[in-house]
Amino acid sequence: MNKPIWTRPFIMTVINNFFMFLVFYSLLTILPVYVLDDLHGNEGQAGLVTTIFLIAAIIVRLFAGKILEVFGKRKVLLAGIFLFCIFTFVYPFVNSFFLLMVLRFVHGIFFALCSTVLMTLAADMVPAERKGEGLGYFAMSMNLAVVVGPFLSLALLQILPFKMIFLGLAAVLLIGFACSFGIEVVEEEKTKVSPKGRMTLEDIFEFKALPIAFVGFLTSLAYSGIMSFISVYAKSLGLFESVSLFFVVFAAIMLLSRPFTGRLFDRSGPSAVIYPSLVIFAIGLFMLSVTHTTGLLLVSAGLIGLGYGALLPSYQTMAIQKAPKERTGHATSTFFIMYDLGIAIGSFALGIVSSHLGYSSLYVVCGSIIIITIAAYAFVSKKRRGRQLETSEAS
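Residue numbers (numbering that gives the first Met the number 0): 0 to 394.
Worth flagging that the hints you see were computed from the coordinates, not collected in a lab. Among the hints, a few may not be true.
[Said to hold, decoys possible] In the DSBU-like style, the derived pairs of lysine-lysine whose C-alpha atoms are separated by at most 30 Å in a straight line are:
hint, residue 1, residue 2
1, LYS324, LYS207
2, LYS382, LYS65
3, LYS324, LYS74
4, LYS207, LYS65
5, LYS382, LYS207
6, LYS207, LYS2
7, LYS207, LYS321
8, LYS324, LYS2
9, LYS2, LYS321
10, LYS382, LYS324
11, LYS65, LYS324
12, LYS65, LYS321
13, LYS381, LYS324
14, LYS381, LYS321
15, LYS207, LYS381
16, LYS321, LYS382
17, LYS207, LYS74
18, LYS162, LYS234
19, LYS74, LYS321
20, LYS74, LYS2
[Claimed, not checked] Estimated spans, in silico, between C-beta atoms of each pair:
hint, residue 1, residue 2, range
21, GLY167, ALA127, 36 to 46 Å
22, ILE174, LEU200, 30 to 40 Å
23, PHE347, THR293, 24 to 34 Å
24, LEU200, THR293, 41 to 51 Å
25, ASN94, LYS324, 44 to 54 Å
All C-beta atoms in this analysis are idealised placements derived from N, C-alpha and C, irrespective of residue type, glycine included.
With the hints as extra help, turn the sequences into a complete structure.
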């Protein structure tokens, strides 16, 4: 009989993750407007509020695995969520762009810690034989937040001032903080300490997770084209009113497909999920590049949601499965370092592409990146099968 996935601690972890990403995507949506309207900034400054946040997150993820190891997952969980909540309360009192940048950097630090520890805890809680299915369910909390966060924040913006919305988001995190006390944490034995107390690369990276993390980097590089430019692309086509529907279809297809792709991962292995998902993702991106109607925009949204939706949890599961149990935190932070790096680099580089070649060509480039990703995954998968064969022959 299969061990259960939906235990009380796992449910509390999923709820906490949903609340955290709800706040993340809400702020991602309304802060650029806040910079332009209330702080009287420009478009470049509006973009920087996301960039500085990601820079902080990437820096902290370099040390997140070691932080979990030294301080313990429970302490990092409680302190991280509490401080992420407290600094959300600070937003209403920011009255200059410089102070907002400082706050975004600090906020990014605790976001990185919280997201790493929650993912690590979820991986620890899910039975080994149902890892793909369980982490797929966990990732659904992020997919749901992608839709609820922007919709909720934009709807509230029509009737409430920014300060009230910020306070409301902080209140949501307080609920998450209360839920975190219901998460049971089993601490692992500490790994060997580096000689003379010096940090080594092993304290930062889980090298066994790096190959699949690089595949994740390429995927997020292409996905950044959706995150950063789909709204302006739709506006250039005269389809701006359909952008909200794009994200609804995108998220709905991800949510509906996630249980099936998770079970397929556990039954048939990662390649049975990843190869078709990459192909579908690429087709969706190429279709997006020739979109000129709402119907075609929504069909491409469905394909992109179906393709991309299965990739992130599959990569995460592979990264965690490669690492020893006591280093799941290092594997998680290694994966997210590469993933965040792909988003950060992609947002900048694809912006240059769009300014020179246009948005349509941008999505051709994104689709081409996914074709390269298929080749990269084939190489990683071949090496993985080779090592498994050597292990079975040795035994």
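Against the structure, the hints come out as follows:
A distance of roughly 12 Å separates the Cα atoms of LYS324 and LYS207; the hinted pair therefore holds under the 30 Å criterion. A C-alpha spacing of about 28 Å is found between LYS382 and LYS65, which places the hinted pair at or below 30 Å, so the restraint holds. Taking the CA atoms of LYS324 and LYS74, the gap is near 19 Å; set against the 30 Å cutoff, the hint holds. A threshold of 30 Å between alpha carbons decides the hint, and for LYS207 with LYS65 the separation of about 16 Å falls inside it, so the pair holds.
For a cut-off of 30 Å, the pair hint linking LYS382 to LYS207 stands: about 12 Å separates their Cα positions. Only pairs whose Cα atoms come within 30 Å are accepted, and LYS207 paired with LYS2 is accepted, the gap being roughly 27 Å. At roughly 6 Å between alpha-carbon atoms, LYS207 and LYS321 fall within 30 Å of each other, so this suggested pair holds. The hinted pair formed by LYS324 and LYS2 meets the criterion: a straight-line CA distance of about 18 Å does not exceed 30 Å.
Only pairs whose Cα atoms come within 30 Å are accepted, and LYS2 paired with LYS321 is accepted, the gap being roughly 21 Å. Our distance criterion of 30 Å between C-alpha atoms is met by LYS382 and LYS324, whose separation comes to about 22 Å. The suggested pairing of LYS65 with LYS324 holds, with an alpha-carbon distance near 14 Å, which does not exceed 30 Å. Between LYS65 and LYS321 the alpha-carbon distance is near 18 Å, which keeps this suggested pair within the 30 Å criterion.
Proposed proximity of LYS381 and LYS324 is supported: the alpha carbons are some 24 Å apart, at most 30 Å. Of the supplied pair hints, the one linking LYS381 and LYS321 holds, its CA atoms being roughly 15 Å apart against a limit of 30 Å. In summary, the hint linking LYS207 to LYS381 is supported, as the alpha carbons are separated by about 15 Å, within the 30 Å threshold. Taking the CA atoms of LYS321 and LYS382, the gap is near 13 Å; set against the 30 Å cutoff, the hint holds.
Under the criterion of a C-alpha separation no larger than 30 Å, the hint pairing LYS207 with LYS74 is consistent with the structure, at around 26 Å. Simply put, LYS162 and LYS234 have alpha-carbon atoms about 28 Å apart, close enough for the 30 Å limit, and the pair holds. Restraint check for LYS74 and LYS321: satisfied, since their Cα atoms lie roughly 25 Å apart, inside the 30 Å limit. For the suggested pair LYS74 and LYS2, the alpha carbons sit about 28 Å apart, so the restraint of at most 30 Å is met.
A hinted range of 36 to 46 Å holds for the C-beta pair GLY167 and ALA127, which are about 39 Å apart. Hint check: ILE174 to LEU200, Cβ distance near 39 Å, so the stated range 30 to 40 Å holds. Separation of PHE347 from THR293 is about 30 Å and conforms to the stated range, judged on CB atoms against 24 to 34 Å. Between LEU200 and THR293, the C-beta spacing of about 49 Å keeps the proposed range 41 to 51 Å intact.
The given range of 44 to 54 Å is respected by ASN94 and LYS324, whose C-beta atoms sit roughly 47 Å from each other.
Violated hints are absent here; each numbered hint is respected by the structure.
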